[in-house]
Amino acid sequence: MASVAHEGHGHDHHGEHHHHEENFISKYIFSQDHKMIGKQFLMTAVFMGLVAMILSILFRIQLAWPGESSDFLSFFLGERWAQNGVLKEDMYLGLVTIHGTIMVFFLLTGGLSGTFSNLLIPLQLGARDMASGFLNMLSYWFFFLSSLLMLVSLFVESGPAMAGWTIYPPLSALPQAVSGSGLGMTLWLFSMTIFIASSLIGSLNYIVTVINLRTQGMSMTRMPLTIWAFFVTAILGVLSFPVLLSAALLLVMDRLAGTSFYLSDIIVGGEMLANHGGSPLLYQHLFWFLGHPEVYIVLLPALGLSSEIIATNARKPIFGYKAMIGSILAIGFLSFIVWGHHMFVTGMNPFLGSVFVFTTLLIAIPSAVKVFNYLTTLWKGSLVLTPAMLFAIGLVSTFITGGVTGIILADSALDIALHDTYFVVAHFHIVMGMSAVFGMFGGVYHWFPKMFGRMMNMRLGYAHFWVTLIGAYGVFFPMHFVGLAGAPRRYYDYTVYAENDSATADMMLDLNVVITIFAIFAALGQLIFLFNFFYSIFRGPKAPQNPWDSNTLEWTTPVEHVHGNWPGALPVVHRWPYDYSKPGADTDFIPQDVPLAEGEEEH
Amino acid sequence: MENKLIILIVIILGAIAIAQLVRVYEISAKLRKNGEHEVTNRDNRLNARLMLGFMIALFIGFIYLMAAYGWTGRGEAASVEGKETDWLLNLNFVIVILIFFFTNFLLFFFTFKYVRKPGVKAFYYPHNNKLEMIWTVVPAIVLAVIIILGLQTWNDLVAPTDKEAIRIELFSKQFDWTARYAGQDNTLGKYDYKLTTDKNELALLTSNTIDSAINNMLNGINGISRIQKLLNNRDTIFNDSTSTALRTELSRKERLYRLLAQMKANHNKKLDASAWDDIIEDTLVLCKGQQYEISLRAKDVIHSAFFMHMRAQMNAVPGMPTRMKFTPSLTTEEMRKSKNNPAFNYTLMCNKICGGAHYKMKMIVIVKDKAAYDAWMKSKKKETFKDKYFPAPAAPVAADTTMTN
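As they're listed, the protein sequences go chains D and L.
The first sequence begins at 1 in our numbering and counts up by one.
The second sequence begins at 1 in our numbering and counts up by one.
Hints may contain errors.
[As the list claims (entries may be wrong)] DSSO-like mimics (lysine-lysine), calculated; alpha carbons at most 27 Å apart, straight line:
id : chain 1 : residue 1 : chain 2 : residue 2
1  : D       : K582      : L       : K288
2  : D       : K380      : L       : K121
3  : L       : K264      : L       : K199
4  : D       : K322      : L       : K199
5  : L       : K113      : L       : K130
6  : L       : K288      : L       : K362
7  : L       : K121      : D       : K322
These aren't lab readings, by the way, just hints derived from the structure by calculation.
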């Protein structure tokens, strides 16, 4: 550990003396500067998110107007996958699979944790850069490569992976079972393998940086909650992603080397396989051992960002700082012992199921603590409703709305009839598709001045927020009712209800049309963001050094980026980051590097 | 056509919106003297009001959806167990809906009320242990209630069935379901996937089916002898990949053949009887008020037996037997009346992604009252596995088992 810290130090000197020698390639492409790498993650993730959003619109059109010809579909998918503008069944599954994969891993893991951990960890801790700039660069380029492979898989002749984002074998192991389990699945597995390497390198780097490179005075209990969230997220990633890798590797072996880890007693496409003794449940255990912490890998950074945004813009200290840290740690720990709640009806031992019911419902306690602490932070505040603040408040709202349905799904007896219906889809989209994405948008609006030295347009930010909030609630709120009525997810259409239970089918179709219209509305709203984002990078008004009157260290760095972050000595920290509106102070904020006044007590 | 029109309108509106926004942006950038980081009181108040307005819209939207769709699609639970879980679901819903309204109200109301006002400073309030204790303990108590009630129900649902429960197997493959009734003895015959032949799709285990599977493996259309003949034919030369594929297929089949031979050697003929009287159906007919012990089996990939109306679900996993139980409580006729739809049918759906036609994988389920069910069962008496697939005269071994029976 000591040697790592030392290396970081040596690097500082390097930066100070030679930064003028940077050329285009070392500055913009193979950059080892954490700020640039953060921006690279953000750009890549925004692009991937855009692709995944278009995919979702494609299959939403099929769900709202099943079997009707659509120019939009034939434009994007061509005759091969949308003959006469009608989506092929196989491609429907391909679209939902890749949509889920990109959103969960590439947008919300790479984009959220990758962008903001990179940007904020050194800046808020008072470090010159990450512990290892080179590994950091490697982490991005692995991410880039895996994104590329995932996109390529959309264009192979047999189609992309089609087994759902969870790629349960045997479906994902047998090309005879579905066409996407051929080359498409191979590419999926390779892409994810590289992605996991990227995530692992990145997470190790974040952990080492947080432990070793805090500036003088920055004790663990003076760290902003963003850093706590990134730190715990990185630990979750290090402990859980390798398990996904092992799951994927065993699947690769079953596919390519004829092993039987997941395969047993199968006849597919008229062919009797000799594989015996494998268990598809093994895969599910391994997958969800990552899969559940993954939810918190996605959510914790968003909660961390929103804590910072809410405290700053409420002009109030975050309520219950230590309780917030405690709940982050509790959520992080519990997230490792709840994975079985995805498997209540898989044939897993029912006793094991009851254990998972217990642990899962426990998570509601730290989550409730977080919500109430946010509410109390807003109480008697002096709220400045910047777009970032609106998104952070939206996050709290969706965290509640998505969280409470989790209480129902965690109850195994109730999960039986709701498992794999749209109720589940609605639940996790409100948590991940709204809460986590809102956290990300809030982060972009709040730290844009730090990233690009310019301001985003605020009015466009408001427009974007309102369209997104209304659109996304419009999509995912009615979806609960589609699920309660018993609509299974990953269904190409609901003729099964139309034939046997027509009233239910009518209701599902009614709501699906509403949902799709809201989805298109919300998707178009994202154009406002894209425009604002790219326009402001080049033409936005110049940002002041500390636009939001914030306490954390990143706002003490100059607007123009320098290698090493601070031109002179590193700042020294004297207080926690939440001294907003402290009685007796002249201003309503006291940055962390301001020494305690005479007679002043730390919070 | 209608579809195209909608897309066209959406695209046009989107383009107009963007053009307008660009103009707004450029004009506002010129007009505004203050920086983009300063939120005016006007914007602040506007957004605070919008937040409150949104809350009201959200709540009204929720109540409307609940009233219009909350119960229509779901309908009445059609099983004893389903009634129990629906009761619990409603209770949980009451709890979480109260939380939803309460916390969302506080959130949006605080946003509205405490928006910045000139001259008013925020209240410095970093923590309060008593408050934090309250909102740790209260949720914990509520959750304890939820957990205890939930686990009680769960334990009932997964407990072993009564002795009188009728045993049925649901056999799943891409993309249909088959039901197998245990027959007179209420014991499902054993099976082994290697016994699958055209005549024995469910791979039931009897002395006859072992013989015919072995025969099929050796002399079938793609049997061992044909592959050997192909490979040994000196007149044909295969390219590398074809010959590798053939050799792989041969070695796989030889392995399966050895296992079948072993099975034959170890076979206990007494087991035959339990398979012979099984009844195989492509519609699931159930009896109202009768408890069912259902075993599930998958031939190719994971499927999931989803009885939406009975609130029952369990995955069917290749290589791993799974089970579920439920007791239908409403006949199809009763449900038709309650739904006011004479065409209504219970369906068994597949609810685990299983391939392109996943959404079409279903089986009609008919629930009859006791008298009608008994009559139906009686009519099936001469349609057992044995009657249908190995009629007695052609099966000498079968005669043996009939005697032991």
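- Going back to the hint list, which numbers does this structure go against? 1 and 4
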